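Position one of the sequence shown corresponds to residue 2 (our numbering), numbered consecutively onward.
Some clues are possibly wrong.
[Stated by the list, open to error] Pairs of lysine-lysine, DSSO-like flavour, derived with a Cα cap of 27 Å:
#	residue 1	residue 2
1	Lys202	Lys251
2	Lys202	Lys165
3	Lys165	Lys241
4	Lys241	Lys58
[Claimed, not checked] Just the calculated beta-carbon pair ranges, DEER-fashion:
#	residue 1	residue 2	range
5	Arg225	Leu85	48 to 56 Å
6	Gly257	Arg299	33 to 41 Å
7	Ala276	Arg225	47 to 55 Å
8	Ala15	Arg321	21 to 29 Å
9	Ser83	Gln56	21 to 29 Å
It is worth saying that the hints were derived from the structure and are not from the lab. These figures come from a predicted structure and were not determined experimentally. Yeah, the Cβ is synthetic: ideal placement off N, Cα and C, and Gly gets one too.
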Amino acid sequence: MKAWVCHALSGDRAGLRFETEWPDAPPPASGEVRVALTAAGLNFPDLLMLSGGYQFKPALPFVPGVEGVGVLTHTGAGVDPSLLGRRVVVRARSGCLGETITLDAGQVRLAPDGFSDAEAASYGVGALTAWVGLVERGRLMQGETLLVTGAGGGMGLAAVALGKACGAHVIAAASGEAKLAAARTAGADETVALADLSTLKDRIDVVFDPVGGALFASAVRTLRWNGRYLLIGFAGGIPKPFALNYALIKGIEIVGVRAGEFGRRDPEGGSRASAAIDALVASSRYRPFIGMEVPLERADEAFAAMAAGALIGKAVVRIR
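Build the full structure now, drawing on both the sequences and the hints.
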């Protein structure tokens, strides 16, 4: 099959190569399914895995890609055969940047009827992380004020849209007018440049932060009493040490968010989050913002745009 394969870990993606004769995914074992993928959505963890910078480290060589969509072509023993031929969404730990994938049946679900392949391939990870962060971990309430950093990226735009769906007043922070405009399209009530977060001091109930790095010091000071700071990721690097007395004085919580691990440790909670997202999709209250689409052989261009911070919304790779 055709696939992108990481043969060696590297910060410049030098170990990532496009293969045209890579072995197909194996036949499914008991409890597994095989899917012919039609599209994949790229996420920041995919980029981190290529350098070994993500907490999950697949054995080399590996096919990257944690989410996609395709047609379920084979079922193993114990799997409902009525799924054969159905369009399904795939949520994997890796493997979606190839033409076929075999995985546990619990890692696929029927794709939303009203979504294109590009939308179905790219909505799951961002929406699930945003919902688990905002609702399950952040306890965001109607009428509260939410600050989303990195609001021009796929994860940030999902948080903006789902924050609005929760009834929050959403302030989106990003670099550049194009990203701020995308955040307004997603439903942001206000927008602010990342350099101007000091203007929000003591206004925010919940911070949703996939950026980290130097931004943390200014973003944490936007929180009012009893605020919650959601650590989603570190696209901007690991923050410098934080004076914990500030958290004590302001009564704030620093909360780590790992949506995948949340679902693995709390399957009921994971199902609850997925059902909530399904309901929003069915009522047309959530759609992913897709800023780039490329064919499979040009997936490296999407990785480059993501690494440069030039991507607005999600990047989708068309496989068939």
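Status of the hints after comparison with the structure:
no.: 1; hint: Lys202 <-> Lys251; in the structure: 12 Å, holds
no.: 2; hint: Lys202 <-> Lys165; in the structure: 21 Å, holds
no.: 3; hint: Lys165 <-> Lys241; in the structure: 31 Å, violated
no.: 4; hint: Lys241 <-> Lys58; in the structure: 25 Å, holds
no.: 5; hint: Arg225 <-> Leu85: 48 to 56 Å; in the structure: 53 Å, holds
no.: 6; hint: Gly257 <-> Arg299: 33 to 41 Å; in the structure: 35 Å, holds
no.: 7; hint: Ala276 <-> Arg225: 47 to 55 Å; in the structure: 31 Å, violated
no.: 8; hint: Ala15 <-> Arg321: 21 to 29 Å; in the structure: 28 Å, holds
no.: 9; hint: Ser83 <-> Gln56: 21 to 29 Å; in the structure: 36 Å, violated
The structure fails hints 3, 7, 9 (numbered hints given earlier, in ascending order).
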